[in-house]
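Residue numbers (numbering that gives the first Met the number 0), protein chains in the order written: chain B, 0 to 254; chain L, 0 to 76; chain F, 0 to 359.
It is worth saying that the hints were derived from the structure and are not from the lab.
Only a predicted model underlies this, so the values are computations on that prediction, with no experimental measurement involved.
Don't be surprised by glycine CBs; every beta carbon is placed ideally from N, CA and C.
A hint or two may mislead.
As the list claims (entries may be wrong) - DSS-like mimics (lysine-lysine), calculated; alpha carbons at most 25 Å apart, straight line:
(1) L:K38 with B:K228
(2) L:K2 with B:K16
(3) B:K8 with L:K71
(4) B:K228 with L:K72
(5) B:K16 with L:K71
(6) L:K38 with B:K17
(7) B:K199 with B:K151
(8) L:K2 with B:K169
(9) B:K8 with L:K2
Unchecked claim - Here are the computed distance ranges between Cβ atoms for each label pair:
(10) F:L3 with B:V254: 50 to 58 Å
(11) B:I173 with F:P82: 25 to 33 Å
(12) B:N68 with L:E8: 22 to 30 Å
(13) B:K16 with L:A50: 18 to 26 Å
(14) B:L13 with L:N27: 19 to 27 Å
(15) B:T112 with L:A32: 30 to 38 Å
(16) B:T112 with F:K161: 51 to 59 Å
Said to hold, decoys possible - Residues of chain B placed beyond 10 Å of chain F at every Cβ, according to the derived structure:
(17) K8
(18) D71
(19) W74
(20) D160
(21) K169
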Amino acid sequence: MAELLEDIKKPENLVHKKSSVLTDNVMHYCPGCSHGVVHKLIAEVIEEMGIQDKTVGVAPVGCSVFIYNYLDIDWQEAAHGRAPALGTAISRLRPDRFVFTYQGDGDLAAIGTAETIHACNRGENMVMIFINNGIYGMTGGQMAPTTLEGMKASTCPFGRDPKTDGNPLKMTEIVAQLPGTNFVTRQAVHTAAAVRRTKKAIRKAFEKQKEKTGTSFVEVVSTCNSGWKMNPVDSNKWMEENMFPFYPLGDIKDV
Amino acid sequence: MAKMIGAIEVDIETCKGCSLCVEACPTNVIALAEEVNGKGYNYAYMANPEACNGCTNCAQVCPDSCITVYRKKVEMA
Amino acid sequence: MSELRLMKGNEAIAEAAIRCGTDGYFGYPITPQSEVMERLMELRPWESTGMVVLQAESEVASINMLYGGAGCGKRVMTSSSSPGISLMQEGLSYMAGAELPCLVVNVVRGGPGLGTIQPSQSDYFQSVKGGGHGDYKLIVLAPASVQEMADFVELSFDLAFKYRNPAMILSDGMIGQMMEKVELKPQQKRWTDEEVAQMHSWATTGKTADRDRNIITSVELDSEAHEQFNNRLQAKYREIEEHEVRFEEIDTDDADYLIVAYGSSARISSAAIEILREKGLKVGLLRPITLWPFPTSRLQELSGKLKGILSVEMSSGQMVEDIRLAVNGKVKVEHFGRYGGVVPSPDEVADALEQKLIGG
Chain B
0 MAELLEDIKK
10 PENLVHKKSS
20 VLTDNVMHYC
30 PGCSHGVVHK
40 LIAEVIEEMG
50 IQDKTVGVAP
60 VGCSVFIYNY
70 LDIDWQEAAH
80 GRAPALGTAI
90 SRLRPDRFVF
100 TYQGDGDLAA
110 IGTAETIHAC
120 NRGENMVMIF
130 INNGIYGMTG
140 GQMAPTTLEG
150 MKASTCPFGR
160 DPKTDGNPLK
170 MTEIVAQLPG
180 TNFVTRQAVH
190 TAAAVRRTKK
200 AIRKAFEKQK
210 EKTGTSFVEV
220 VSTCNSGWKM
230 NPVDSNKWME
240 ENMFPFYPLG
250 DIKDV
Chain L
0 MAKMIGAIEV
10 DIETCKGCSL
20 CVEACPTNVI
30 ALAEEVNGKG
40 YNYAYMANPE
50 ACNGCTNCAQ
60 VCPDSCITVY
70 RKKVEMA
Chain F
0 MSELRLMKGN
10 EAIAEAAIRC
20 GTDGYFGYPI
30 TPQSEVMERL
40 MELRPWESTG
50 MVVLQAESEV
60 ASINMLYGGA
70 GCGKRVMTSS
80 SSPGISLMQE
90 GLSYMAGAEL
100 PCLVVNVVRG
110 GPGLGTIQPS
120 QSDYFQSVKG
130 GGHGDYKLIV
140 LAPASVQEMA
150 DFVELSFDLA
160 FKYRNPAMIL
170 SDGMIGQMME
180 KVELKPQQKR
190 WTDEEVAQMH
200 SWATTGKTAD
210 RDRNIITSVE
220 LDSEAHEQFN
230 NRLQAKYREI
240 EEHEVRFEEI
250 DTDDADYLIV
260 AYGSSARISS
270 AAIEILREKG
280 LKVGLLRPIT
290 LWPFPTSRLQ
300 ELSGKLKGIL
310 SVEMSSGQMV
320 EDIRLAVNGK
330 VKVEHFGRYG
340 GVVPSPDEVA
350 DALEQKLIGG
């Protein structure tokens, strides 16, 4: 068997390897974190489109603040929630560049709600990648704007009660209503098939930038194993059972 | 009759033993090793290499991009 | 060709911005400076120079648009007035931390809070001491005329890019709103994308194969490394203090008494000095043009031969603290101010000097 394996492991038989747009830095994320998968997909899309030298990424505040250590492109690290404002100026001052923001639920749907809505409403020519895991990972598991009703977090330890804690926010449905968005979709990366669909969605969002018809918005419903206090496999099951009914997957807008 | 046979290579030191590849593998090729890597993680390995068909599902779901996949078509006697 | 025109200070900012080759203006309307963006929108510079002008959803968004544009190596600016500038402090701290050049114009109005739309100089502390969180400085220029409003736009950009640091024009509602003759410089070309990539190797212009990726950031979790970074910032600030102090002196050669005042207060004070000189009192004026870096050394030099210094500000006394620090007890330093939107008259200033420094 060992011989056969060595026979298979030849360059001509290679079908999947790490993207050249990913750096050699080991990601700081917890084991099984969805961030790593989405980072990889963006890297693969940039590599396949051949736009490494034409792309500027905008990093958020949150667990993915250090995304710039992992994708080998030019980056700007924004203040919490302000990535769409940075993206607006980059896109307008360098219309020849592919611009994308990468933001979590606290960044995009709480502190940066105004920047998100107005950038989408103006139809800024950029991609927005929205990681929604319903919790604040970096600060240690506090309630997010997208935390589900009844879901426990360190600032709603008995479960989110809409009467006192407010309701979970469907940001993606909101931006889909705005005339400035040209492609709005909600995806996930819990299975290989879902990963392939998410990659297609990200590719489409980047391709759309060539048309200069507005903002492309890709939400990825994600897990936070540490924040949810579950192992990665159970987190995926919990996400399917609890997150998907409230945050259903699929394209919401495609014009 | 032709058949796809595959093989994976795991970058042991960057693997965090999250098990997502174990779960994603349709032919139960992958398991976590008894041994740990330099960071203390039980890393993924081909426990059942004969069953690999090189579908890349493991690499798709791997958050740390530590799986390389090879696939070859072979004629079966 | 240079051009002589009569216009408001706010309008001069807009005209000068286009002429010196600004790449982008991002702002949000607020009295008393809305004419800056209004004039820009009327002039439609995107059709002539390619300059981007955008009305943002807030001052918070505006300053972060500056971050994005400056990160690309572009000459970007905004203008606002006191409450709006408060909203920008987070972004200014991030820009100072990421070492990004930009220009912020503050046409100051009276505070605190919503305050008043009348002129004031009560944002001195906020401007020269940092304003946001962390140890940082803005380069702060204080114009005293419509001409200087125009001239300081290009000067601010030059300094901001020379030191990779945000610069501020600290004006007030009086200079923003008043009309004066102004000589506008001829139109200069904007930098091309190629020039930007060549001049600013740090900018996010797109990672080419011949260089490492550029990262514009202010985060560093390693304490030792972050202290090193702060040391580098401090060294830069000392260099600015050494080379970029600007001030104007009137009648200081024989002066027994000195008024220190900037912007509108300096103009009022120069009229007060004429009144005092007619009375036989030898009074001079030191007008700081850069509020940071502050003309500390010059004040130290002058302090030995003075009988007293009066700080005249449209505030309850802010710059007076820096004057006292400069002279370190060598000479009496008093403050006179009207505030809350009230502009003092030259007579009031002259009376204050006599009462506070001479005891008359």
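### Message
When the structure is checked against the list of hints, which entries are broken? Sort them ascending.
### Response
4, 7, 8, 15, 16, 18, 19
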